[in-house]
Each structure stands twice: as structure tokens, then as C-alpha cells.
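S.K.: What follows is each chain in one-letter form.
Number of protein chains: 2
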Amino acid sequence: MATDKKVEQITDMEVDFAKWYTDVCKKAELIEYSSVKGMFILRPYGYAIWENIQAELDRRFKETEHQNVYMPMLIPESLLQKEKDHVVGFAPECAWVTLGGSEELEEKLCIRPTSETLFCDHWHNIVHSWRDLPLLYNQWCSVLRWEKTTRPFLRHREFLWQEGHTLHATAEEAIAETEQQLETYADLCENVLAMPVVRGCKTDKEKFAGAVRTYTIECMMHDRKALQSGTSHYFGTGFAEAFDISFTDKENKPTNPHQTSWGLSTRIIGGIIMTHGDNNGLVLPPKIAPIQVIVLPIAQHKEGVIEKAQELVGRLKAAGLRVKGDFSENSPGWKFAEYEMKGVPLRVEIGPKDIEAGHCVCVRRDSGEKITVELTELEARVSELLEEIHKGLFAKAKKNLEEHSFTASSVEEVKNIVENGGGFIKTMWCGDLECELAMKEKAGVSSRCMPLEQEHLGNVCPVCGKPAQKMIIWGVAY
Amino acid sequence: MATDKKVEQITDMEVDFAKWYTDVCKKAELIEYSSVKGMFILRPYGYAIWENIQAELDRRFKETEHQNVYMPMLIPESLLQKEKDHVVGFAPECAWVTLGGSEELEEKLCIRPTSETLFCDHWHNIVHSWRDLPLLYNQWCSVLRWEKTTRPFLRHREFLWQEGHTLHATAEEAIAETEQQLETYADLCENVLAMPVVRGCKTDKEKFAGAVRTYTIECMMHDRKALQSGTSHYFGTGFAEAFDISFTDKENKPTNPHQTSWGLSTRIIGGIIMTHGDNNGLVLPPKIAPIQVIVLPIAQHKEGVIEKAQELVGRLKAAGLRVKGDFSENSPGWKFAEYEMKGVPLRVEIGPKDIEAGHCVCVRRDSGEKITVELTELEARVSELLEEIHKGLFAKAKKNLEEHSFTASSVEEVKNIVENGGGFIKTMWCGDLECELAMKEKAGVSSRCMPLEQEHLGNVCPVCGKPAQKMIIWGVAY
Chain P
1118 MATDKKVEQI TDMEVDFAKW YTDVCKKAEL IEYSSVKGMF ILRPYGYAIW
1168 ENIQAELDRR FKETEHQNVY MPMLIPESLL QKEKDHVVGF APECAWVTLG
1218 GSEELEEKLC IRPTSETLFC DHWHNIVHSW RDLPLLYNQW CSVLRWEKTT
1268 RPFLRHREFL WQEGHTLHAT AEEAIAETEQ QLETYADLCE NVLAMPVVRG
1318 CKTDKEKFAG AVRTYTIECM MHDRKALQSG TSHYFGTGFA EAFDISFTDK
1368 ENKPTNPHQT SWGLSTRIIG GIIMTHGDNN GLVLPPKIAP IQVIVLPIAQ
1418 HKEGVIEKAQ ELVGRLKAAG LRVKGDFSEN SPGWKFAEYE MKGVPLRVEI
1468 GPKDIEAGHC VCVRRDSGEK ITVELTELEA RVSELLEEIH KGLFAKAKKN
1518 LEEHSFTASS VEEVKNIVEN GGGFIKTMWC GDLECELAMK EKAGVSSRCM
1568 PLEQEHLGNV CPVCGKPAQK MIIWGVAY
Chain V
1118 MATDKKVEQI TDMEVDFAKW YTDVCKKAEL IEYSSVKGMF ILRPYGYAIW
1168 ENIQAELDRR FKETEHQNVY MPMLIPESLL QKEKDHVVGF APECAWVTLG
1218 GSEELEEKLC IRPTSETLFC DHWHNIVHSW RDLPLLYNQW CSVLRWEKTT
1268 RPFLRHREFL WQEGHTLHAT AEEAIAETEQ QLETYADLCE NVLAMPVVRG
1318 CKTDKEKFAG AVRTYTIECM MHDRKALQSG TSHYFGTGFA EAFDISFTDK
1368 ENKPTNPHQT SWGLSTRIIG GIIMTHGDNN GLVLPPKIAP IQVIVLPIAQ
1418 HKEGVIEKAQ ELVGRLKAAG LRVKGDFSEN SPGWKFAEYE MKGVPLRVEI
1468 GPKDIEAGHC VCVRRDSGEK ITVELTELEA RVSELLEEIH KGLFAKAKKN
1518 LEEHSFTASS VEEVKNIVEN GGGFIKTMWC GDLECELAMK EKAGVSSRCM
1568 PLEQEHLGNV CPVCGKPAQK MIIWGVAY
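Protein sequences, first through last, are from chains P and V. Each residue of the first sequence is one higher than the one before, starting from 1118 at the first, in our numbering. Each residue of the second sequence is one higher than the one before, starting from 1118 at the first, in our numbering.
Think of the hints as simulated: they come from the structure by calculation, not from any bench. Here the structure is a predicted model, which means the values were calculated and not measured. Some hints could be false.
Identical copies carry no separate label here, and so any pair may be met within one copy or between two of them.
Claimed, not checked - Once the Cα atoms are required to be at most 25 Å apart in a straight line, the calculated DSS-like pairs of lysine-lysine come out as: (1) Lys1322 x Lys1154; (2) Lys1583 x Lys1144; (3) Lys1179 x Lys1144; (4) Lys1179 x Lys1404; (5) Lys1441 x Lys1179; (6) Lys1143 x Lys1179; (7) Lys1199 x Lys1154; (8) Lys1143 x Lys1404; (9) Lys1434 x Lys1367; (10) Lys1425 x Lys1154.
Isolated chain P (complex conformation) (with noise of 0.2 Å):
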């Protein structure tokens, strides 16, 4: 009956890397367009993968004492208009609300594309006190930047994210606060999603509208580009000062507070697709993937075949795992394609010759090494191997990320890399935002970060000849 489902073929990611990207994201039906330009489903598939990033999150927040609030989602123009920077950097990507039912109104309100105006507002009537800090704030939504191009994921005018706002007395407590939220970022992008980074600062160009400075983390795509993937922001006292939020510390004197931000968003489910996908679909890393294991019954018209495959299931999720058994009509080969093409982690076959000899067959879907298992140890050689499978993720990309990192002391250099391929290529700077931009214009890449891991390549900038200030990576960006 069902057997007219067809597998449909992707484009060779070495053919045409985006068109290979969206054929991903479409086929494994994470994603969908909408009726709106640029606005995206988020299918089913897509959204149990970012739900299980948010728990991973979540969890993390939380065991650090952060506290979920949800504010509103519409900001009156002369709030977002009253830290200076902040509103010439967001401004311009607005989705202005200016009729409430049949009336218009007197001042239009815009979409929230960041929350910082929100919360500063809020703080501003409830801090008093030293007591009343710190303030560990976090807020689960979707934000919208009426961006001109767009892509699945990695670029929408609405998509979801987490944003983190806190509130602390000192300097040092704010930037301490920041640092955390990167190493949280990081932890999940190494940890669970087997995404190696790169921790760094932006420089003043690239940094956050309206932040002193802005921490990132940077993760190399297949195609050696890169990805920033989660950003940390410290404030200083900007915005307690365009809103008028003060304290009276223990001293009992007025002081204005320290502030920070950091996000995360569906972005990164784009770097995972580009991180670890190849030309057969999605390649999930197993601690966030949706179905870890997809147990699949061969010759399933022989007797006891199903039954025992139902069996296998149930032990897997008795065990903790997000498991799925696949007992549609469809050919084993399709099946194959299919689980192939979404990604999962590990495929657990058992047909009439296995369950005589009292063992299935695993088959990795990152190396397609197949594993024959003994039924009487299946949870625990099924639990190691996702754990192998999330070493082997981790290792791979690193090796990617290793062998496209470049040092180079000329413009000349920088260019003949990126010529050849690109990736991370990292020269000394004298911080001038000349040479940033002589350098995009020159070599075509711009600055990613100045990694918290400083190296001494050398004594001066590779644009201008003058004292060097700082190593940077450049590269191309997504």
C-alpha cells in the first residue's frame, strides 16, 4: 500500500553546498515556507530538535539561579529610542505595529527584535536596593528583524531564541556573569552538539548595538565559513543610564547598575545541518536528536520478526532513549533512506537470521559502520554507541576546524587563503577600524573574533605595518 512513497534525492553538497543546505532542511522536514517572505514553519521534526536544545539549556540557566520571565512583545518607539546605539542598530530591521483594531495609534510599536528596552523599563520601577541584586533574568520567545534576504534557519525575519538579561552592582560581577553565559554556550555547543568553538570578543564594528562588548563563539561550517552561534554581551552602566535605573548600595548612595545580555537561537540548528550533514541528509548529533534510534524489523512478514523488533523498542525506552520502531509497509530500503535522511543517530536492524543467533545489527549514521550486538547487552552497547557516535561527531569537525585554521601576515596571504577554500585565518591587528575594513575589501572576509587565546604571530598589522594590538580570525561569515 504505502510502497509508492518515494525517497527523494538531495543535491551533492560538494555540487552546490546552499542548494544542498535547503534540500536538507526541507526534505529531513524540519522547515517549511510560509505565506509571509522570509517567515518560516518550524515543523515538527525542526521543533523537537529545538526543544531538546532548550532543555539542555534550560537546565543550565537554572542550576545558575536564572529565573524565566516573558515580557511583552511590542516596544513603544520612544523606549526602543532611548539608548542611543541601540536604536540606530535595530532601528532599521523594525516591523512597526501602527493600527490596533480599526484605530490608529499615537505612537507605533515595534515588533521586539531584542528585549534589552523591555527589561531596562521594568527595572527601572523595581530596583532599589543593593538587596534587589543581582537580577538573573531569562526570556524563551521569538524576535523579528525585517531582514532582505533570508535563509532556513540561519536567516529569518521571526525566529525563536533565548535571551538572557541580568542585572548586577559591579563591573566585575557583569562581565563575570557574561563569561558564564559564553562557557554555557560553548559547553552545549562542544558537549552536546559536538560543535568544537572558538571563544572570542567582537571587535567594536561587529559587537552588539548599544554593548561595551560582546563575547561570541564561533563554529566552522563544512564549507569552512563560519557561524557565530551565540553571543554574550556586557553593558556596562549604558542603559541603567538611558533608563534611569539606580540602586543605593550598602554605602546608601545612588548608584546605577551593570548590566549584560546573551542569546542563542535556531540559528544554531543551521550549524548543526552544516556541521555535520552529508549527502545522504541530516546527521544528528544523538544527544539532541529527536529519535536517537530507529530499531527496524527485516523480513518483517516472518513470524516473530515484528514482535521481537517491538521488544527491542521497549527495552531501548525502558532504558531512557528516544527510541521509535518503523513497522509501516515501506520497503526496508526506503526505510533505510528515510531515517538516513533525518538523521538518526543509530538504526538497530533485526530480521529472522539475527534473532536466531541472538543478536542485531547497528549501523552508525555518521560512519555507516555496522556493529552486530548481543541481544542480552543491547542497552548498554546502544547507550555506548551514542556516546561513540558523539565523540566521532565532535572529532570530525574538529578535524575540519584544525586543518582550515590559517595563520598568515599579509593581506596578500589572507587573499590567496580564501582563494584557496578559506576557512579561519588568523593575523595580528593593530585595532583600527581601517585596516578592518581595508581587509574585508581587499581579501573579502571579515572579522569573526579576537580569541580569548591570544598567540603572538608577530609585531604588527598586516594591513597598515603598525604596532599590533591583538591576534584576530577573519573569515567568511553566514
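With chain P held as given, fit chain V onto it using these hints.
M.R.: Relative to the frame of chain P, chain V by itself:
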């Protein structure tokens, strides 16, 4: 140091129920007003209640094979207009986006007041065969309705909710789904929130815009007013026809599928407050209380008291309870009042004499009853007490519902009951809109629902004297 903190008084509910209600919302730090009229801030304590409700519902949805998705928040005007009854119901309260960046939009976009049209637009693209059905989707999000008058939790311009949307091959299946979700809501209310419900169907006048049938659960608040707490709608094929959603059935015939939607919002938190609260503040049902047990040291300056109290916190946490210890320098009196205001179900007091005697004192928030508990039996007794508190709250609310449920056989009688404090008033009804409007006009009540459990109270409609079709419940509603 911190003894400057004061417990602020709230208005007695007997003096001014509406003022009491907003006092509780603010003083228990559930909600705060924002800079946008009618939009509220859910503070950490209020949001934590919502998160616990979400977890309870989400688990139930997933156990019944529903999948979460995320649709765009903006609806093009032409999409909203496709289903005629629906647009008439919602267009007057839409907020419209007319500007994107600096550019005027060609078609204005409304912020979703509900998402039927978005789901249908998507389904039009992905539904082809009977094999694609049923589709059992749910979405957690916020929606906007440009209300003229607003009240914390009960009526916001923006509120958080879940909206389930499902598509089925047959009417029977869709109706079964609609009823199943009503049962899920009733289960949540009764067994989690300790709020007894009346299950019923809405009249045509009160049903959801575009629905064939709307099921509802109605709860009675402390002031005897009704709160519509969750609704579940059967749409027939109306939307499917308007959006051209069609599947080929097993006989290869093109067919329109049958549709449902169902929603429950943060409004339910208003219901919890008005069902269980008292003049000392909030009273939370234990199963969703962010803090189920507050442990307070008595004479905490005495040696060993704080350590012992911390030990109790650790033991109760290990037993899986949400527990907090307050070791601040605020006075015990302040702490008692603070956690009463916050509705913490159980207070555990431990002082030097208790330690000596090997027990602690548990104080129930619902009844004020003090129970001495042997420390050796701490975890078991505290869990039992929480269960007893749930039952106590339910019994009290049930008593309120039963004592203020009346039957009437004339408009005059209904009016008399309303003038004497009101409640849920059952009468027969002919089914005509005219009589429904007349009852509103003459007795000041609206129809709440036609209960699923019907009783035969007589043969005629009390308004027009014509043959009765149904028993109906009238009341004053939030």
C-alpha cells in the same frame, strides 16, 4: 539589615474583590504593568507557575501523540479573510503591522490572534493522501487581541497560551479529538489545579468564530462568577474548504478533512488566584506551586538551627520536592507573611526546641492547621500533607460550586438569584438566540454552557414558553 522590608497589606476580598485580586497579582509578584497599555510582564514567580502548567499539559499532549510546531506570528490580511466567520470574529481586535523597516508593506500583516489560518495554509501544501492523516499539532506561543479593557491574567492584549490544531479523515475522529482535549483540560483543572469544572458546549452565539461546535470547561470563582478556562473546537470541513485542503481517501476520492483546535492560556492563573486565594494572599495548588515547601528556621541565631534547617531542605529536595529555605535576616513574622502572600502550600518551622524534641512543625497554607512531624518521617509526611492540601483545596472549591449552583424555571427567578449573589443557574432553553439575549437583558447573565451531563428540569423555555431543547447554565462571567 534587611528588616526594613515590610509586608504590605492587601485589600480584603469582602471589601472589594476586584481590588483584592489585582493586589494579589502585584504583591505576590506574579505580574507587573508594562509601558504598553494592556500588555503585562510575567514576573519570575508568575512565569514559574505557567511553566509548571505547561509541563503538565505538554506531557499529556505528547503521551497522546501530539507534536509541537511553530508557525509565523504574522498573518497576511488576505489569509485571515479566507474563512468568512473567522475574520468577522477576529479582525476587529487585530494589531496590524504596516511598516517593515522603513518600507510600507504592500499587504498589511496581523499579529496572530489565533493561528487556524496559518495551520490551514501550511496543511494545504503538505496534505495529499489519507496516509498523511491525522495531523496532531500543538503550538506554545503568545497571541495578540486588541482588547479595550484589560485585567491581569484575565484579559491581556498579549497572552501566552497553547493552541492545538488537528486534522482528521472523518468527523467522528475529529469530534473524538475535540472531546479528548476537553478531558485533558478538565483533568488538568481538577487533578492538578484543584479546580472543579463543568463540562459543556457553547451556544452558537458564544462559540468560537468559524467553529461548528465549541466545548468548554467553566469554573466558579470565589465571587461566584464564571471563568471559561479552556475551550475545544470542532470545525467540520469549513476551513478545509476555504483553504482548499484535500486528501485522496482509500478509495482514491478527493476529500476535505475535518479539523479541530483547542486552547488554554495564562488566564487559568487568574482562575487559580480567584478559586483558592484568601485575604492573606495567594494560595497555590501544590502540584504547580513553584515553591511547594518553605523551610523557616526559628531563632536562627541559636547554634545548629540553620544547619538543621538546611538539612531538612536537602532531604526534601532529594525527595523530589520543590523546596526553599529562607535564611535571610528578615524576622520570622515577615517571612510567615511573605510566603503566605506567595501562596506556598506548606511551611516547615524548625527551632531549638523542635530540634531537641526531634520534630518540626508543618503549617498548612490552606487551613492554617499546625502539624507536628517527627523528623524521621519528614519526607513521607510532607508528601502526604501536600496531597491532603490538594484534596482540601478541591473540596473547598467544589463546595463553593455546589452551594452556588441553582435551578430556576423563570426569568424572574434567575434575576432573583443573581441579585442575591449569583452563581451557576440552570434552566431549560428552547435554543433560540432571542431568548439567550433576553435573559442577558432581563437578568444580567450570559449563557455559560449546555452541560454535557444534561438534566430534565422541565419542558419549556423559561423565556418564551416554547418547548425546551436543552438544559443550559447561566452566569456572570469574567
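S.K.: The structure should be examined with respect to each hint, and the outcome stated for every one.
M.R.: These are the hints, each one checked on the structure:
Taking the closest pair of Cα atoms, lysine 1322 and lysine 1154 never come within 25 Å of each other, the shortest separation being 29 Å inside a single copy and 36 Å across copies. Taking the closest pair of Cα atoms, lysine 1583 and lysine 1144 never come within 25 Å of each other, the shortest separation being 51 Å inside a single copy and 60 Å across copies. In this assembly of identical chains, lysine 1179 and lysine 1144 lie within 25 Å of each other by CA distance solely across copies; the values are 24 Å between and 35 Å within a copy. In this homomeric assembly, lysine 1179 and lysine 1404 come within 25 Å of each other (Cα to Cα) both inside a single copy, at 19 Å, and across copies, at 19 Å.
Proximity of lysine 1441 and lysine 1179 under a CA criterion of 25 Å is satisfied inter-copy only: 14 Å between copies versus 30 Å inside one chain copy. Taking the closest pair of Cα atoms, lysine 1143 and lysine 1179 come within 25 Å of each other only across two copies (24 Å); inside a single copy the shortest separation is 34 Å, beyond that limit. Taking the closest pair of Cα atoms, lysine 1199 and lysine 1154 come within 25 Å of each other only across two copies (19 Å); inside a single copy the shortest separation is 30 Å, beyond that limit. In this assembly of identical chains, lysine 1143 and lysine 1404 lie within 25 Å of each other by CA distance solely inside one copy; the values are 22 Å within and 40 Å between copies.
In this assembly of identical chains, lysine 1434 and lysine 1367 lie within 25 Å of each other by CA distance neither inside one copy nor across copies; the values are 54 Å within and 33 Å between. For the homomeric pair lysine 1425 and lysine 1154, neither the shortest alpha-carbon distance inside one copy (48 Å) nor that between copies (61 Å) is at most 25 Å.
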